[in-house]
Amino acid sequence: MQNGLSGYLQSILNTFRGRKSRPLPFERLFELFRLVLAGNNKAIELITDMGDTLGGDYLFDITYIRRVYAGLSEAIRGSLMNFEELTLQRYSGLPASFTRIDRQIWRMICDQGPSDADPVLFYEDISWDMTSSVGGKNAHLAEVKNNLKLPIPEAFVITVRAFEELIELNDLDGKIGLIGNDSLIPDADTGELYERILHAELPPSVSHAIDMAMDRIKTRCSEACFLSVRSSAEEEDGEYSFAGQFETILNVPLEINAVKDAYKKVVASLFSPRSIAYQKLVGMIPGRLKMAVGCMLMIDPVSSGVVYTAQPSDDRNALLIVAAWGLGTSVVDGSVDADHYVVEKTEDLEIMEKKIGTKASMFVTLASGGIAQTETPVEMRARPCLTAAQIRELAILSMQIEQYYRKSQDIEWAIDSSGKLFILQSRPLRMQKSVKARSADMVPHEEQILMKDRGTAVQRGVGSGRVFVLHHMDDLARFPKGAVLVSKYDSSNFIRVMPYASAILTDTGTSASHMASLCREFRIPTAVNTKDATAVLRHGQEVTVAIDDEGRMTVYDSIIRELRGDGYQDPAQMEDIYEYRKKKYILKHIAPLNLIDPLQDNFTIEGCKTLHDILRFMHEKSVMELVEKARYGCMVARHAAVRLDLPIPAGIIVIDIGGGLSSSGNTEGISLDQVASEPLRGIIRGMIYPGIWRSEAVALKAHDFLSSMMRMPDITADNAELVGYNIAVVSRQYVNLSVRFGYHFSTIDCYCSDIDRNNHIYFRFSGGATDITKRSRRIQLIADILKEYGFNINTKGDIVICRLSNLGKGQIMTILDQLGRLLSYTRQLDAVLHNDSAVRHYTDKFLTGDYTV
Amino acid sequence: MSNGHNIMIIDDEKIVGDMARLSLEQDDYEVETFLNAEPALKRLEEKDFDVIVTDYKMKGIDGMEVLRTVKQFHPAIKVIMITAFANLDTAIEALRGDVHDFFPKPVKIKELKASIRRALEN
Numbered sequence: 017m018q019n020g021l022s023g024y025l026q027s028i029l030n031t032f033r034g035r036k037s038r039p040l041p042f043e044r045l046f047e048l049f050r051l052v053l054a055g056n057n058k059a060i061e062l063i064t065d066m067g068d069t070l071g072g073d074y075l076f077d078i079t080y081i082r083r084v085y086a087g088l089s090e091a092i093r094g095s096l097m098n099f100e101e102l103t104l105q106r107y108s109g110l111p112a113s114f115t116r117i118d119r120q121i122w123r124m125i126c127d128q129g130p131s132d133a134d135p136v137l138f139y140e141d142i143s144w145d146m147t148s149s150v151g152g153k154n155a156h157l158a159e160v161k162n163n164l165k166l167p168i169p170e171a172f173v174i175t176v177r178a179f180e181e182l183i184e185l186n187d188l189d190g191k192i193g194l195i196g197n198d199s200l201i202p203d204a205d206t207g208e209l210y211e212r213i214l215h216a217e218l219p220p221s222v223s224h225a226i227d228m229a230m231d232r233i234k235t236r237c238s239e240a241c242f243l244s245v246r247s248s249a250e251e252e253d254g255e256y257s258f259a260g261q262f263e264t265i266l267n268v269p270l271e272i273n274a275v276k277d278a279y280k281k282v283v284a285s286l287f288s289p290r291s292i293a294y295q296k297l298v299g300m301i302p303g304r305l306k307m308a309v310g311c312m313l314m315i316d317p318v319s320s321g322v323v324y325t326a327q328p329s330d331d332r333n334a335l336l337i338v339a340a341w342g343l344g345t346s347v348v349d350g351s352v353d354a355d356h357y358v359v360e361k362t363e364d365l366e367i368m369e370k371k372i373g374t375k376a377s378m379f380v381t382l383a384s385g386g387i388a389q390t391e392t393p394v395e396m397r398a399r400p401c402l403t404a405a406q407i408r409e410l411a412i413l414s415m416q417i418e419q420y421y422r423k424s425q426d427i428e429w430a431i432d433s434s435g436k437l438f439i440l441q442s443r444p445l446r447m448q449k450s451v452k453a454r455s456a457d458m459v460p461h462e463e464q465i466l467m468k469d470r471g472t473a474v475q476r477g478v479g480s481g482r483v484f485v486l487h488h489m490d491d492l493a494r495f496p497k498g499a500v501l502v503s504k505y506d507s508s509n510f511i512r513v514m515p516y517a518s519a520i521l522t523d524t525g526t527s528a529s530h531m532a533s534l535c536r537e538f539r540i541p542t543a544v545n546t547k548d549a550t551a552v553l554r555h556g557q558e559v560t561v562a563i564d565d566e567g568r569m570t571v572y573d574s575i576i577r578e579l580r581g582d583g584y585q586d587p588a589q590m591e592d593i594y595e596y597r598k599k600k601y602i603l604k605h606i607a608p609l610n611l612i613d614p615l616q617d618n619f620t621i622e623g624c625k626t627l628h629d630i631l632r633f634m635h636e637k638s639v640m641e642l643v644e645k646a647r648y649g650c651m652v653a654r655h656a657a658v659r660l661d662l663p664i665p666a667g668i669i670v671i672d673i674g675g676g677l678s679s680s681g682n683t684e685g686i687s688l689d690q691v692a693s694e695p696l697r698g699i700i701r702g703m704i705y706p707g708i709w710r711s712e713a714v715a716l717k718a719h720d721f722l723s724s725m726m727r728m729p730d731i732t733a734d735n736a737e738l739v740g741y742n743i744a745v746v747s748r749q750y751v752n753l754s755v756r757f758g759y760h761f762s763t764i765d766c767y768c769s770d771i772d773r774n775n776h777i778y779f780r781f782s783g784g785a786t787d788i789t790k791r792s793r794r795i796q797l798i799a800d801i802l803k804e805y806g807f808n809i810n811t812k813g814d815i816v817i818c819r820l821s822n823l824g825k826g827q828i829m830t831i832l833d834q835l836g837r838l839l840s841y842t843r844q845l846d847a848v849l850h851n852d853s854a855v856r857h858y859t860d861k862f863l864t865g866d867y868t869v
Numbered sequence: 080m081s082n083g084h085n086i087m088i089i090d091d092e093k094i095v096g097d098m099a100r101l102s103l104e105q106d107d108y109e110v111e112t113f114l115n116a117e118p119a120l121k122r123l124e125e126k127d128f129d130v131i132v133t134d135y136k137m138k139g140i141d142g143m144e145v146l147r148t149v150k151q152f153h154p155a156i157k158v159i160m161i162t163a164f165a166n167l168d169t170a171i172e173a174l175r176g177d178v179h180d181f182f183p184k185p186v187k188i189k190e191l192k193a194s195i196r197r198a199l200e201n
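Protein chains in written order, with our numbering: chain A, 17 to 869; chain B, 80 to 201.
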């Protein structure tokens with residue numbers, strides 16, 4: 017019999033050897049699989065350790081990050097080597113993907129800039145991980161363009177490398193280094209830098225690269241075209257918004273000097289007083305930041321604006337569209353009473369609120385270049401900027417972006433004269449941070465109220481101080497610490513006084529403006545569009561501004577300390593510390609898991625954005641490698657192969673690759689007691705559960721019989737997948753069981769250890785004797801049952817593939833028992849699944865432990 | 080509102096001082112941070128501090144030198160040493176120098192706070 021068994025196995029092996037070369041013996045495969053798991057485990061532990069340490073409960077320094085990351089990088093590299101051998105280098109792109117992420121993380125740890133990017137890159141050549149070369153804003157938008165294929169105008173980026181070359185050629189390093197020195201007068205110092213950059217010589221390589229890019233982009237314009245030239249600093253729209261802090265030059269003629277001058281103007285704005293003020297405010301050392309600049313084909317819009325995919329008040333069930341005629345400038349600088357549309361984020365996309373603004377002015381492009389503010393034609397002012405169809409289209413595109421990033425977004429858009437919608441910018445939306453603001457109703461004295469329920473709340477909270485009515489931007493220099501800023505217009509220039517402002521109120525403006533973003537970022541109680549704050553409040557008057565959780569704004573005469581009491585100040589958070597955020601940002605390239613579902617399209621090497629993704633990818637593909645190779649019988653005959661004697665005629669042959677049998681396998685047959693492989697024991701216990709294995713045949717109807725006859729040639733053909741054999745490849749913690757019962761085929765692959773994250777179950781079921789409809793019903797029944805156990809399920813025709821991982825040993829054993837029962841239960845079940853309701857009937861019976869058919 | 084206790088943090092990495100300051104200010108300590116020891120030691124001439132938390136390894140004057148100077152000229156001030164390069168020798172050296180406590184980095188902030196409270200009680 018032993019010879020018979022070996023001969024049987026040999027015949028199977030020969031079948032496969034003829035098909036494909038499989039050079040690795042199974043024992044080596046299994047060893048590699050375990051090495052990959054061990055390396056991955058070590059890496060996961062280090063990621064967890066870093067996550068804990070960088071979570072805000074520990075004081076840590078860069079030495080710690082360097083040391084732990086070196087260990088993590090080493091562990092993954094080791095895993096990759098084993099993975100490559102295991103998979104015969106079938107995933108050859110994975111090491112390169114790891115190297116790219118690894119290099120980027122080391123750069124961040126070592127505080128280095130990019131060294132290998134071109135001075136100019138087109139959006140189609142930019143990937144998500146090039147933030148340090150093209151800036152956060154460009155990397156984000158290029159990803160939307162390339163991966164979501166959304167309508168974004170043609171664009172190229174003058175990269176950080178170009179910036180570095182510009183600074184070096186013009187010998188500006190030393191001057192920039194002094195910016196962070198508090199002993200200097202920033203305005204004077206930065207003013208000189210600003211001028212020097214405006215008149216700087218462009219490095220020949222950069223100049224040439226811009227020329228080439230302009231030539232290329234010209235070929236894509238049908239007529240005279242213009243560019244918008246926008247900043248994209250390294251960290252812009254990443255952890256920091258920099259909203260409105262840098263120059264944006266719109267409608268730049270596509271002429272060499274005009275584009276280069278615009279580029280230098282944008283770069284110079286990195287050193288403007290308000291930009292320096294912002295950098296200091298967030299705790300950066302000014303002068304360290306580097307600037308990339310995006311050059312995008314200009315859209316001459318009929319209407320433009322902003323979408324917040326969640327309402328800034330933290331309502332994530334609706335999105336807010338703010339729209340104005342002409343360019344979006346009037347929306348982001350808050351200079352116009354714009355249209356507001358609130359859209360419910362459901363399939364119907366119902367417009368829940370519509371507020372049409374007065375839109376007295378608008379910004380337009382000029383034929384010779386540049387833009388101008390003009391009065392909106394009277395007949396257009398009260399007319400909505402968007403049709404219902406445009407609102408819907410905009411909502412759908414915005415939700416696509418939000419879904420892709422799994423984060424609320426702040427999106428700039430424009431619609432041209434042909435009605436085509438373009439996305440111009442997308443960045444994470446800063447929601448209002450929760451602060452404790454006591455309800456206005458709690459203040460007893462009504463007579464103290466100066467203003468109530470006016471305007472639009474931008475940031476909740478309470479602030480008090482003397483009113484400072486701003487008449488001219490130059491007056492900001494005299495803004496006293498702790499005052500309440502009251503202004504007719506809103507402006508991102510207010511950043512210069514935000515560190516000292518207790519609250520901000522403006523007569524006009526929108527919650528979608530740059531200033532509003534900054535106020536939310538720095539949690540300054542703010543309301544805009546109050547209509548008459550500058551008229552009601554007197555310069556020098558002491559007031560308290562309270563904006564409650566419902567967004568109701570009240571201004572009280574005098575400073576009311578009870579309202580502002582200890583519990584009402586927003587405490588500083590660890591996240592507010594620049595160095596902390598910067599270091600923690602490293603984790604963003606390590607810990608998040610984007611590859612969640614192996615059945616999704618993004619479960620690819622290209623989808624690996626973090627080291628955790630790399631580990632997940634390796635784990636999934638390693639399991640599949642094992643499943644496939646055990647299934648194809650790529651084991652060697654020198655392993656013990658014995659028949660498992662069971663009370664049911666399952667005909668299972670066990671091949672032990674190490675510790676799977678408790679006694680020598682050199683006997684003709686073994687009993688279940690001699691099986692040491694825990695997962696195999698679990699399955700078998702289920703298969704032989706009393707009453708579950710039906711020995712009598714289920715009558716096939718005529719067409720089922722015909723169907724089974726028609727399928728016979730498949731089985732007897734030289735088709736590797738259909739050769740009938742019931743084999744269990746086992747070790748103590750592992751089983752790969754391939755069985756054919758009648759006309760259907762099943763594979764269970766399971767690793768079951770004491771370490772939860774190592775454990776997995778893979779189950780595949782296909783085929784049957786009946787017609788495709790009944791076979792599909794059985795597949796549905798299996799899927800319905802296994803869904804109850806949390807399996808990730810993919811069905812196609814009469815095939816079902818189910819995956820489960822990261823479970824405790826106890827749960828794994830319970831599920832294996834159920835899988836064993838399912839194997840026995842479903843053997844001939846397809847023959848009785850005459851209609852769809854029978855599927856539900858037998859599913860319920862199985863789940864309640866009734867196995868009668 | 081200050082709790083009346085002054086803490087000095089000396090560490091050549093800004094993040095350590097910034098995080099320590101934020102955490103301790105939440106408990107109403109008055110905190111001053113320094114990136115190197117020289118100006119920190121000068122500051123001791125101008126203001127009374129109750130506890131100094133210092134890094135062990137720094138350019139210029141290192142943590143052990145800070146400890147010796149403080150013990151010589153301001154013996155009432157308690158010194159807590161933190162280091163990314165912890166080993167038995169450095170710990171013994173610090174303890175011989177009459178350090179109040181010694182922590183390898185990363186330091187659990189809760190434990191550092193408990194250590195500061197103990198230092199203030201003694």
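If you're looking for bench data, these hints aren't it; they were derived computationally from the structure. Just so we're clear, the structure is a prediction, and the values are computed from it rather than from any experiment. Be a bit skeptical, because a hint or two may be false.
[To be verified] Derived lysine-lysine pairs resembling DSS-like cross-links, with alpha carbons at most 30 Å apart:
| no. | chain 1 | residue 1 | chain 2 | residue 2 |
| --- | --- | --- | --- | --- |
| 1 | A | 504 | B | 121 |
| 2 | A | 604 | B | 126 |
| 3 | B | 138 | A | 191 |
| 4 | B | 150 | A | 296 |
| 5 | A | 58 | B | 189 |
| 6 | A | 598 | B | 136 |
| 7 | A | 600 | B | 189 |
| 8 | A | 296 | A | 281 |
| 9 | A | 361 | B | 192 |
| 10 | B | 150 | A | 598 |
| 11 | A | 598 | B | 138 |
| 12 | B | 93 | A | 191 |
| 13 | B | 192 | A | 825 |
| 14 | B | 138 | B | 126 |
| 15 | B | 189 | A | 296 |
| 16 | B | 150 | A | 600 |
| 17 | A | 165 | A | 497 |
| 18 | B | 121 | A | 296 |
| 19 | A | 296 | B | 136 |
| 20 | A | 600 | B | 138 |
| 21 | B | 136 | B | 187 |
| 22 | B | 93 | B | 192 |
| 23 | A | 370 | B | 189 |
| 24 | B | 121 | A | 604 |
| 25 | A | 497 | B | 138 |
| 26 | B | 192 | A | 600 |
| 27 | A | 637 | B | 136 |
| 28 | A | 600 | B | 121 |
| 29 | B | 126 | A | 600 |
| 30 | A | 497 | A | 598 |
| 31 | B | 126 | A | 497 |
| 32 | A | 296 | A | 637 |
| 33 | A | 468 | B | 138 |
| 34 | A | 296 | B | 192 |
| 35 | B | 138 | A | 58 |
| 36 | B | 138 | A | 504 |
| 37 | B | 192 | A | 598 |
Outcome of the hint check:
For the given pair, residue 504 of chain A sits about 49 Å from residue 121 of chain B by alpha-carbon distance, which is inconsistent with the 30 Å threshold. Among the hinted pairs, residue 604 of chain A with residue 126 of chain B is inconsistent with the structure: their alpha-carbon atoms are about 41 Å apart, more than 30 Å. Pair hint residue 138 of chain B plus residue 191 of chain A holds up; C-alpha atoms about 25 Å apart against a cutoff of 30 Å. Proximity of residue 150 of chain B to residue 296 of chain A is assessed by CA-CA distance (about 37 Å); at most 30 Å being required, the pair is judged violated.
Taking the CA atoms of residue 58 of chain A and residue 189 of chain B, the gap is about 27 Å. The hint holds against a cut of 30 Å. For the proposed pair residue 598 of chain A and residue 136 of chain B, the alpha carbon gap of about 23 Å is at most 30 Å, so the pair holds. For the hint pairing residue 600 of chain A with residue 189 of chain B, the CA-to-CA distance comes to about 19 Å; that is within 30 Å, so the pair holds. Of the pairs offered as hints, the one joining residue 296 of chain A and residue 281 of chain A holds, with about 21 Å between alpha carbons and a cut-off of 30 Å not exceeded.
The hinted pair formed by residue 361 of chain A and residue 192 of chain B fails the criterion: a straight-line CA distance of about 46 Å is larger than 30 Å. About 36 Å separates the Cα atoms of residue 150 of chain B and residue 598 of chain A, which puts this hinted pair outside 30 Å; it is violated. Restraint check for residue 598 of chain A and residue 138 of chain B: satisfied, since their Cα atoms lie roughly 23 Å apart, inside the 30 Å limit. Simply put, residue 93 of chain B and residue 191 of chain A have alpha-carbon atoms about 23 Å apart, close enough for the 30 Å limit, and the pair holds.
Under the criterion of a C-alpha separation no larger than 30 Å, the hint pairing residue 192 of chain B with residue 825 of chain A is inconsistent with the structure, at around 40 Å. Restraint check: the Cα-Cα separation between residue 138 of chain B and residue 126 of chain B comes to about 24 Å, which is no more than 30 Å; the hinted pair holds. Restraint check: the Cα-Cα separation between residue 189 of chain B and residue 296 of chain A comes to about 29 Å, which is no more than 30 Å; the hinted pair holds. The suggested pairing of residue 150 of chain B with residue 600 of chain A is violated, with an alpha-carbon distance near 36 Å, which exceeds 30 Å.
For the hint pairing residue 165 of chain A with residue 497 of chain A, the CA-to-CA distance comes to about 48 Å; that exceeds 30 Å, so the pair is violated. With a C-alpha separation of about 26 Å, the suggested pair residue 121 of chain B and residue 296 of chain A falls inside the 30 Å cut-off, and the hint holds. Simply put, residue 296 of chain A and residue 136 of chain B have alpha-carbon atoms about 28 Å apart, close enough for the 30 Å limit, and the pair holds. Taking the CA atoms of residue 600 of chain A and residue 138 of chain B, the gap is near 25 Å; set against the 30 Å cutoff, the hint holds.
A distance of roughly 19 Å separates the Cα atoms of residue 136 of chain B and residue 187 of chain B; the hinted pair therefore holds under the 30 Å criterion. For the suggested pair residue 93 of chain B and residue 192 of chain B, the alpha carbons sit about 19 Å apart, so the restraint of at most 30 Å is met. This hinted pair does not check out: residue 370 of chain A and residue 189 of chain B have alpha carbons roughly 51 Å apart, beyond 30 Å. Proposed proximity of residue 121 of chain B and residue 604 of chain A is contradicted: the alpha carbons are some 40 Å apart, above 30 Å.
A hinted pair counts as satisfied when its Cα atoms are at most 30 Å apart, and residue 497 of chain A with residue 138 of chain B does not qualify at roughly 37 Å. Restraint check: the Cα-Cα separation between residue 192 of chain B and residue 600 of chain A comes to about 22 Å, which is no more than 30 Å; the hinted pair holds. Restraint check: the Cα-Cα separation between residue 637 of chain A and residue 136 of chain B comes to about 45 Å, which exceeds 30 Å; the hinted pair is violated. Proximity of residue 600 of chain A to residue 121 of chain B is assessed by CA-CA distance (about 33 Å); at most 30 Å being required, the pair is judged violated.
Among the hinted pairs, residue 126 of chain B with residue 600 of chain A is inconsistent with the structure: their alpha-carbon atoms are about 34 Å apart, more than 30 Å. Distance restraint check for residue 497 of chain A and residue 598 of chain A: the Cα-Cα separation of roughly 28 Å lies within the 30 Å cut-off, and the hinted pair is therefore satisfied. Distance hint between residue 126 of chain B and residue 497 of chain A is fulfilled; the C-alpha atoms sit about 26 Å from each other, no more than 30 Å. With a C-alpha separation of about 47 Å, the suggested pair residue 296 of chain A and residue 637 of chain A falls outside the 30 Å cut-off, and the hint is violated.
A C-alpha spacing of about 57 Å is found between residue 468 of chain A and residue 138 of chain B, which places the hinted pair above 30 Å, so the restraint is violated. The suggested pairing of residue 296 of chain A with residue 192 of chain B holds, with an alpha-carbon distance near 28 Å, which does not exceed 30 Å. A hinted pair counts as satisfied when its Cα atoms are at most 30 Å apart, and residue 138 of chain B with residue 58 of chain A does not qualify at roughly 34 Å. A threshold of 30 Å between alpha carbons decides the hint, and for residue 138 of chain B with residue 504 of chain A the separation of about 52 Å lies outside it, so the pair is violated.
Between residue 192 of chain B and residue 598 of chain A the CA atoms are separated by roughly 24 Å; this keeps the pair inside 30 Å, and the hint holds.
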